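> The lines below spell out each chain.
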Amino acid sequence: MPGVYSGQQYLQFYTTTTAGTKEVVTANAAFYYLDASKITDTVLLHVVTTGSVPSKTSYVQLTAFTDNTVISTYPDAIAGVQYVSFDDANLKKLMKVDAGKYEAYIPVVLKRDPSLKEKVYQLRFKIGISNDFKPGNSNHTEGVIYISDRLSQPSNWTTTFFLGAYGLVKHQFIIEQSGQPWDSDFITTLTKPVDLNAQSFYLFKFTQALKTVNAARQAAGLTELREDPLVPSTAVTFPSL
Amino acid sequence: MLNKKYNPFLLLFAAGLLAMVYSCKKDDNKITRLPDITISASTVTEKFIGDTLKLDPTIGYDNQQATFTYKWYKTAAITVNKTIYRQISDKKALVYTLDSLGTLNLKLDVTNTTTGITATSKTSFNVVSRAERGWYVLKATAEGNTDMDAFYTNASGSQITANIITAKNGAPLSGIPVDLGFTGFYTWYNPATKAFVSTNTCLIPVSAKEAMAYRIKDEKILANTEQLFFVPPTLATRNFQSLVCDPNLMTIVDNGKVSGMNPNANSFLPERSGDYNLSPYFTIAPYKYNNSNLGYILGFDKTSESFAIVRYKQTDISYFPDNYLAGSKFNYPYNISSNKMGCQLVFMGNTDGTLDSLSSSNGRAYGLLKKDNSNDMLLVGLNTELLIPARYGNGGFSPVAFKLDLPASSYPDLTSASLYAINKNNPILYFAKGNTIGFYNIDAKVYNSSMYNFGAGEEITYIKFIDAQYDSITANNFRNLVVATYLNGKYKVYRFTVLGNTLTQTGTLFEGTGRIKSLIYAVPSGYSSATFTSLSDSMYRYY
Chain A
0 MPGVYSGQQY
10 LQFYTTTTAG
20 TKEVVTANAA
30 FYYLDASKIT
40 DTVLLHVVTT
50 GSVPSKTSYV
60 QLTAFTDNTV
70 ISTYPDAIAG
80 VQYVSFDDAN
90 LKKLMKVDAG
100 KYEAYIPVVL
110 KRDPSLKEKV
120 YQLRFKIGIS
130 NDFKPGNSNH
140 TEGVIYISDR
150 LSQPSNWTTT
160 FFLGAYGLVK
170 HQFIIEQSGQ
180 PWDSDFITTL
190 TKPVDLNAQS
200 FYLFKFTQAL
210 KTVNAARQAA
220 GLTELREDPL
230 VPSTAVTFPS
240 L
Chain B
0 MLNKKYNPFL
10 LLFAAGLLAM
20 VYSCKKDDNK
30 ITRLPDITIS
40 ASTVTEKFIG
50 DTLKLDPTIG
60 YDNQQATFTY
70 KWYKTAAITV
80 NKTIYRQISD
90 KKALVYTLDS
100 LGTLNLKLDV
110 TNTTTGITAT
120 SKTSFNVVSR
130 AERGWYVLKA
140 TAEGNTDMDA
150 FYTNASGSQI
160 TANIITAKNG
170 APLSGIPVDL
180 GFTGFYTWYN
190 PATKAFVSTN
200 TCLIPVSAKE
210 AMAYRIKDEK
220 ILANTEQLFF
230 VPPTLATRNF
240 QSLVCDPNLM
250 TIVDNGKVSG
260 MNPNANSFLP
270 ERSGDYNLSP
280 YFTIAPYKYN
290 NSNLGYILGF
300 DKTSESFAIV
310 RYKQTDISYF
320 PDNYLAGSKF
330 NYPYNISSNK
340 MGCQLVFMGN
350 TDGTLDSLSS
360 SNGRAYGLLK
370 KDNSNDMLLV
380 GLNTELLIPA
390 RYGNGGFSPV
400 AFKLDLPASS
410 YPDLTSASLY
420 AINKNNPILY
430 FAKGNTIGFY
440 NIDAKVYNSS
450 MYNFGAGEEI
460 TYIKFIDAQY
470 DSITANNFRN
480 LVVATYLNGK
490 YKVYRFTVLG
500 NTLTQTGTLF
510 EGTGRIKSLI
520 YAVPSGYSSA
530 TFTSLSDSMY
540 RYY
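Line by line, the protein sequences are chains A and B.
First residue of the first sequence? That's 0 in numbering that gives the first Met the number 0, and the numbers climb one at a time after it.
First residue of the second sequence? That's 0 in numbering that gives the first Met the number 0, and the numbers climb one at a time after it.
To be clear, the hints were calculated from the coordinates, so they are not data collected in a lab.
Don't take each hint at face value.
To be verified - Below, a list of computed lysine to aspartate or glutamate pairs in the EDC-like style, where the Cα atoms sit at most 16 Å apart:
no. : chain 1 : residue 1 : chain 2 : residue 2
1   : A       : 210       : B       : 274
2   : B       : 256       : B       : 315
3   : B       : 121       : B       : 218
4   : B       : 73        : B       : 98
5   : A       : 204       : B       : 315
6   : A       : 210       : B       : 315
7   : B       : 287       : B       : 510
8   : A       : 110       : A       : 194
9   : B       : 489       : B       : 510
10  : B       : 193       : A       : 194
11  : B       : 91        : B       : 108
12  : B       : 369       : B       : 412
Because the structure is a prediction, the values reported are computed rather than measured.
Sequences and hints are given; from them, build the entire structure.
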């Protein structure tokens, strides 16, 4: 009869990447797209056990940290302000892997603090040592959540993005014109895999709409749509069709 | 020195072997040989995709009784090191529908169930498209919907396949037929692999309510109306009126509004903005090898009664300013505006030749317009060189380079005709009325209202001069005036060679049921060579 490992339990984030590649679990929490009455939002982190399947309910410890190895444009989120502390007694009860299960979804609760309207905050965390788990493969034990309550440049709106350079006014414009959120998740549907057909559609649609809007603005004695109304060089534009 | 000690197991094995050999001997000391399993050769010549292959080889066993099992395999993959087979039947007689193009390798294993001995037979042959070369006709059915017939020209000679859309789609396209286009660049989203497949050679049949992309080589519908539009037009009000297949811009007009599809895309973009209502007549300039003229479609806006241009990479349509070429570039400075013409377009088509004085020019079209509140007509010559940004700037001058009044009193049959066509090599306008074809030679100003008459009751429903120089089998190329007629629920397609004022019927008469709206002579997609220009690049010949 084959033996069953029953020693130390390890925990890591679920991954589909190649072994040996470090992956930081990344999520975006944008209160901007939520109803104004909603004051919290929850991100669920998919974790898997390694080593053994828990024979009893096993609790997970997450630890926030500052990563000094990367230069970030975003300040670190503050426990109790932009997110519920990982040490919150009620939350800790939910941060668990049930007996007999090899995976679970661990909640991270984010708070709609007024500061999120001014800046995007980052919450960097890693799986810590708890009474039940030790961190598993170190390539898959870290994560980051970007928290905001304002439009912000999605992480995958890169310099080569098919709609051109990023701008808040442009971002707002395409959301209004398409009814789509244009957040990281939506952009991923157009870029992974690359859907040139959909990209052509949106580029055409926004170019056409911008022309109409600018004509109306001009008729009303306004400038063309700009990121900064006082700076002509910030006019909203899209790449050529 | 040899070891004299014998292994007892080795001795036992040798004794057993000896006993086996002895047991196989008859009394006359001859060994009984098992018969060979013979499989009659399955010789298959080239087959068409979609055909059902039936093979029933004869199995021989030296006239002895035996029971066999059968396994038919097809090649699933061939690598450097091995061939991977996939079993397709366990019956002696193979019945198999050929579902992919290319070489098909078949293997048959016949196994004697008693002895376990297997004999193998292999055969291979090519599966080819029956449909890539031939005539496709778009027709109205008796119920007023749209279907398509084909008259294939292939290794098996001419074959007719009727009602292709119904056969492949389960129903005809709803609504009356509008047009039949061709593209070599349709990009198909394959839902099975969740990947885009580029450069599919497709016919695009269009009815008033529907359109589809039909891949010719394997006779497969790649996209229906919903898939051909990112945002499909509302069905209740949908009224497709024309299709233009420029290699760089496919356009479709719905209720006068035009939508374009980029090459290598798979759906039409939103309709272009503006207060316009395009007529269903368009033309494009002759193909140039540097592709400089692709993506510029000349049309006519019924609202402003002006010629308009639908350019690729734009979100609206454009008009020509009232600027006029003159001087050394232009022999005939007519100074004719292409705007607010006081007429509506009833026909437009291009022909070889030039309306300017540049020796390298080639490209002119003629538009026939009916004057408002009158039966009189106006014929205008259009310099299609002016569509090309690289030539004269980006549509910076009026394209109208010629104007001729055609009073109904002088040209009664021309001005009241129902269909028009233009000779693609010379500026000769053909017109059809009832069962009669007439012509007007624009340069010579020769008018003939009855150059050819069909039988009584045969109504001409289609007329086009097709200059097909795009077949890689150059012997197939032709310059014919092609005419379809309708009588008592049936159509006939006639082809004529044109010599002076004489039409001489040539080739096989195509016949079928329905009423023809449009047709196309299709050939396998390919790149242009020194001896022919590809069909994709020759599509201007149809406009």
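> Could you run down the list of hints and mark each one as holding or not?
Verification of the supplied hints:
1. Of the supplied pair hints, the one linking residue 210 of chain A and residue 274 of chain B holds, its CA atoms being roughly 14 Å apart against a limit of 16 Å.
2. For the hint linking residue 256 of chain B to residue 315 of chain B, the alpha-carbon distance of about 10 Å falls within 16 Å, and the restraint holds.
3. At roughly 28 Å between alpha-carbon atoms, residue 121 of chain B and residue 218 of chain B are farther apart than 16 Å, so this suggested pair is violated.
4. Under the criterion of a C-alpha separation no larger than 16 Å, the hint pairing residue 73 of chain B with residue 98 of chain B is consistent with the structure, at around 12 Å.
5. Proposed proximity of residue 204 of chain A and residue 315 of chain B is supported: the alpha carbons are some 11 Å apart, at most 16 Å.
6. About 10 Å separates the Cα atoms of residue 210 of chain A and residue 315 of chain B, which keeps this hinted pair within 16 Å; it holds.
7. For a cut-off of 16 Å, the pair hint linking residue 287 of chain B to residue 510 of chain B is broken: about 36 Å separates their Cα positions.
8. Annotation: proposed proximity of residue 110 of chain A to residue 194 of chain A is violated, straight-line Cα distance about 35 Å (limit 16 Å).
9. For the given pair, residue 489 of chain B sits about 7 Å from residue 510 of chain B by alpha-carbon distance, which is consistent with the 16 Å threshold.
10. Of the supplied pair hints, the one linking residue 193 of chain B and residue 194 of chain A holds, its CA atoms being roughly 11 Å apart against a limit of 16 Å.
11. With a C-alpha separation of about 10 Å, the suggested pair residue 91 of chain B and residue 108 of chain B falls inside the 16 Å cut-off, and the hint holds.
12. With a C-alpha separation of about 13 Å, the suggested pair residue 369 of chain B and residue 412 of chain B falls inside the 16 Å cut-off, and the hint holds.
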